[in-house]
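Visitor: This is what each chain is made of:
There are 4 protein chains.
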Amino acid sequence: MSHNSFGHLFRVTTWGESHGPSIGCVIDGCPPRLALAERDIQPWLDRRRPGQSRFTTQRREADEVRILSGVFEGMTTGTPISLLIENTDQRSRDYGDIAAQFRPGHADYSYELKYGIRDWRGGGRSSARETAMRVAAGAVARVILGPSVRVRGALVQLGDDRVERGNWDWGEVERNPFFCPDVRAAARWEVKLDAARKAGSSVGAVIEVVAEGAPPGLGAPIYAKLDADLAAAMMGINAVKGVEIGEGFAAAALRGEDNADEMHMQDGLVRFGSNHAGGILGGISTGQPIVVRFAVKPTSSILTPRASVDRGGHDIEVVTKGRHDPCVGLRAVPVGEAMMACVLADHLLRHRAQNP
Amino acid sequence: MSHNSFGHLFRVTTWGESHGPSIGCVIDGCPPRLALAERDIQPWLDRRRPGQSRFTTQRREADEVRILSGVFEGMTTGTPISLLIENTDQRSRDYGDIAAQFRPGHADYSYELKYGIRDWRGGGRSSARETAMRVAAGAVARVILGPSVRVRGALVQLGDDRVERGNWDWGEVERNPFFCPDVRAAARWEVKLDAARKAGSSVGAVIEVVAEGAPPGLGAPIYAKLDADLAAAMMGINAVKGVEIGEGFAAAALRGEDNADEMHMQDGLVRFGSNHAGGILGGISTGQPIVVRFAVKPTSSILTPRASVDRGGHDIEVVTKGRHDPCVGLRAVPVGEAMMACVLADHLLRHRAQNP
Amino acid sequence: MSHNSFGHLFRVTTWGESHGPSIGCVIDGCPPRLALAERDIQPWLDRRRPGQSRFTTQRREADEVRILSGVFEGMTTGTPISLLIENTDQRSRDYGDIAAQFRPGHADYSYELKYGIRDWRGGGRSSARETAMRVAAGAVARVILGPSVRVRGALVQLGDDRVERGNWDWGEVERNPFFCPDVRAAARWEVKLDAARKAGSSVGAVIEVVAEGAPPGLGAPIYAKLDADLAAAMMGINAVKGVEIGEGFAAAALRGEDNADEMHMQDGLVRFGSNHAGGILGGISTGQPIVVRFAVKPTSSILTPRASVDRGGHDIEVVTKGRHDPCVGLRAVPVGEAMMACVLADHLLRHRAQNP
Amino acid sequence: MSHNSFGHLFRVTTWGESHGPSIGCVIDGCPPRLALAERDIQPWLDRRRPGQSRFTTQRREADEVRILSGVFEGMTTGTPISLLIENTDQRSRDYGDIAAQFRPGHADYSYELKYGIRDWRGGGRSSARETAMRVAAGAVARVILGPSVRVRGALVQLGDDRVERGNWDWGEVERNPFFCPDVRAAARWEVKLDAARKAGSSVGAVIEVVAEGAPPGLGAPIYAKLDADLAAAMMGINAVKGVEIGEGFAAAALRGEDNADEMHMQDGLVRFGSNHAGGILGGISTGQPIVVRFAVKPTSSILTPRASVDRGGHDIEVVTKGRHDPCVGLRAVPVGEAMMACVLADHLLRHRAQNP
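Chains as they are written, first to last, in the numbering used here: chain A, 184 to 539; chain B, 184 to 539; chain C, 184 to 539; chain D, 184 to 539.
This is chain A alone, in the form it adopts within the complex (with noise of 0.2 angstroms):
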């Protein structure tokens, strides 16, 4: 049991505050013998680095990722891979004034509830700059899936607005600074995130992911199915407050004839007419795509002020200064893509260990 490592057989165990000298994480379990170098990790973080637009905090980080261990002449060896990303750009000046504050919405008051002391500069601990770890040991999870398993992420709705499914094209995706999969929607989000931004408010998003070309059995009742775990490992993310999987809420309103995906034989194959199941029956992969949907909050840290309490038990308004995303939906993507792979990962690793 450890509180800051996921998975089980290909295990992750992050490290690292915001403001601290470095974050990093250490991988456990990798099979040998895989081709690995830097070069296969770092263009996952630069994908969520921030600072590529206006729509993302303005905190520069080269993110450059360096592999300390479990790499050998370019291969793993099986032993544990550790990782580790050197913060530069931590300017604790721009959080001196929430030392004692406890902002609306942020970790910084059930923190100190739990442990009476906290690392308040840009949020320590409990800050997203987290999940560029994440985002990292996805990487590695993606290299032990290989080429023919393609995980994929994408913003599916931005405040209240939805992308049209009718236009979705996969290479949009990564044309606009959004991960939005419909151009016109694109469009639309541009002018109100701007809006969001200039008048100091934030707003929330939807985020769908789809992992393409998994084998079927991934997955083991009864606690650990795998949506169960996508679901840990999803709502495990910053600010995500829902996940569903395949029809998700949604099937609460159908009938049962309407929610079964049929079957049929087609070339001596098993065909599925629909995904309403999102790739998961009984918490074990079909061999459908698996479809993950959650839904992160609107960014708590806003220039709109808020009432809110400090340390010593007083009331206080609290405006947030500091270099944050007017979203942070948008870079949950990759992590969202991330989580995926990595219990993807964990759960190939399980199953061949019983299923040989």
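No lab work stands behind these hints: they were computed from the structure.
Be a bit skeptical, because a hint or two may be false.
If several chains are the same, the list does not tell them apart, and a pair holds so long as it fits within one copy or across any two.
Keeping only pairs whose Cα atoms sit at most 16 angstroms apart, straight-line, the calculated EDC-like set for lysine to aspartate or glutamate is [claimed, not checked]: (1) K504 - E440; (2) K504 - D280; (3) K375 - D343.
Bear in mind the structure is a predicted one, so any value in this text is a computation, not a measurement.
Model the placement of chains B, C and D on the given structure of chain A, informed by the hints.
Guide: Same frame as chain A, but now just chains B, C and D:
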């Protein structure tokens, strides 16, 4: 690591199949010197027991629990508590025709893919019968949490019909067969569910579980966040397709200033002006009520014929004739409560280990 | 994490007290489609069963095992296997006088210190009765390992009297009540143990367990080394005070050049010239026989009066009158074998997860 | 589950290879608000550091530890503590000839069998260099245990030469390069070890570690017994072949009446007349000193040529020319202490979770 265990310090391992001789669980880590007897567990099982109204399966099970270990002279001893329930009404003949069939929406196909074998009698291990042991374990978790923590659940949506929040009455939940807190919705649902049942169809549902009085500080960032563990716990219940905390998916459509729960001092204590967060910030409980909702898909076992395939690779049509619930969501209410209680008990132990 | 479970992928959770209604275990992670029935387990339990000679406790237990789940039509299904044995001869009256006494060398005092309560009937949870479930689990582990892996144990020292290595005959182990591989030592031990029994005394023993045919590569450095896991497995058996691998403590007195096992090629295969290492290098099996020895202290339950204290804080004298083994080491032989089998099965699954 | 982690609530994950850029560990679960700085860790590392006498490897490492996370303004925060040590004196050229050779008694061959690849530079992951991080983690464990718990180790046997118990002086341990508590034995050992070194040979050793002041109640039966966890902890140290608690293997030769530690009341407290049990009964600490001994085999890296094979399947002769310790047992003393501290800290947290 265990596929069939949940929790870490309050750890429950369940076993058993729908039509085996019995089902059971082992609870490890329960603190010693707590008064515990079968009578503390049985009422919660009775609440979940099938066959109590025409809206649940007509399978007749006494669901009488026996404590086989871990309790001495009416007190827990700190050693593992073994609970066992005999299966008394397992009519395998009802299911004979499904031995070679894959029922759409069921775990038949995925178990077959994973294990190459499955106990097809009544769904075997994937049957909701297993949830009886979750309810039993939840009863023990409630003893650990003590009377100051109150965990209650209710059905808040049946099909596409939601309760009115203004009509909420916890007392009503115990008075209708739907666990519905809104007397008027309950009346509508009776008609709706009768219609679905007679049509050989089924409907989905949304359940809300609320824990009041839970101490602050529960939940261990980063990968044992209280909300992430709750998400896994609920998503792991049979037929669940979505989980949300507090405002949930609706938070995506809110502005930062509307979603933040403001704080102020009142009589020397910190008070929140709202509870969009659902009682959890940064993965840690704040002392506010902890609010979780989850969506249950419509029962997959329906009389309406659906296209499918069999083990031999032939196209077939499946009609499920066994005894089933037209809305499995109903009996998910006590199960959801139990999972909440188990997660809280586990985190209570975890918290005091690190923060004495 | 679980106090009452061992193994990770082949995971066994035991429950039950000496004088409760039954004892049992849940085996999680067993691969599917293995032929398994009670008749595969019962013979191993019979080997350990008390009351078979005048040298073991006269408690009469049938130790009849029942499989309650996880097996369908004679094959494992991959779901948890629940095993149960009824306690039939629990005479609590024999133990009535120890309810308030702390027997020297027993767990009475330490359980009281830890839990503030204990089931004193026959030692409760700390009774060696629990080891019956280890033997049952070991039988399932043997099925996983298959016929090419042979795990056998023998008593190599009774009190201060050791077997002659030159007389070793595995067949002899099954022919005397001491699991002794040396027919001459067995004759001496009969006299010795009769004397101890009649004197109301007891003696210790050393057991050796050897696994032949185990595949190389088992064991996961750094903290799941095969030898470390074997050490925990054996030290966790009741009354064990020491564990050693291969040359063991004698290795301390050797020179480097004498202790190193030289290797050479023979018919294209690597051969070792000796096995001081006991089949394990760097925590990983090499393919040589895996050799473990463990020391069992003399039974603490003796007729000779010993000074002690009671719960009320009074000096007392304790004489243990119950039915006991004059040498608990005898029945530790099948238990040690079972633990070896369980550790190897667990590591076999772990190994193939990472190294497919 | 993690191959490279130990402990459960006080959980340490180590990473790094002998000749990589650095080694490190992540400590998860440390309680908050403990004063901690590098200066609390460095002295323990200095005790273990190589190159301090002619009896340890001449590799020169500063072993300067840095805290990268988990500490804020001199206090632990409850978040993961990341520790890092740069490798500064890794001369890979010394080892070039062993890339394709399997050194007898080393992990070369077994790593190759398991992973099909190994970092052969200085033993890679299997090098005793990893134990530096155990010592660092042990220093943090000591902070958790507090000043009332005293964990000390000593070398009690070098080759076949044991200390006289009557000469025991803990102060002497710090005054000679052998951690020897017997001044006369130390004088003999100097001669003995010089001779072995000059002969290109090596000798084994036995280490004893004693914890005084540990609270009673630590250890969780049945499968997290304190002695079982200590056995795994010690057996997992490089080159260890045997572990014993209290009387250990000698207990096998005792009679029940001689081995039982009698108890009596003294000034209202329970006192033991002896400590054959080594402070542990039924897997739980009693409050007596906890006594563990472990045997270390003679260093496998010797100048005396030994027969072996290479990766290509040829018979070869191996002479290890690198910088090595003539007795690896010497530096195992601080490592054994650290493992004892880590096990106790973990069980302290576990105990108070269940028994508040």
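Visitor: Evaluate each hint against the coordinates.
Guide: Hint check results:
Taking identical chains as interchangeable, the C-alpha atoms of K504 and E440 lie at most 16 angstroms apart only when they sit on different chains, with a minimum of 14 angstroms there against 52 angstroms within one chain. Taking identical chains as interchangeable, the C-alpha atoms of K504 and D280 lie at most 16 angstroms apart only when both belong to the same chain, with a minimum of 9 angstroms there against 60 angstroms between chains. In this assembly of identical chains, the alpha carbons of K375 and D343 lie at most 16 angstroms apart only when taken from the same copy (10 angstroms versus 31 angstroms across copies).
Comparing the model with each numbered hint stated earlier shows that all of them hold.
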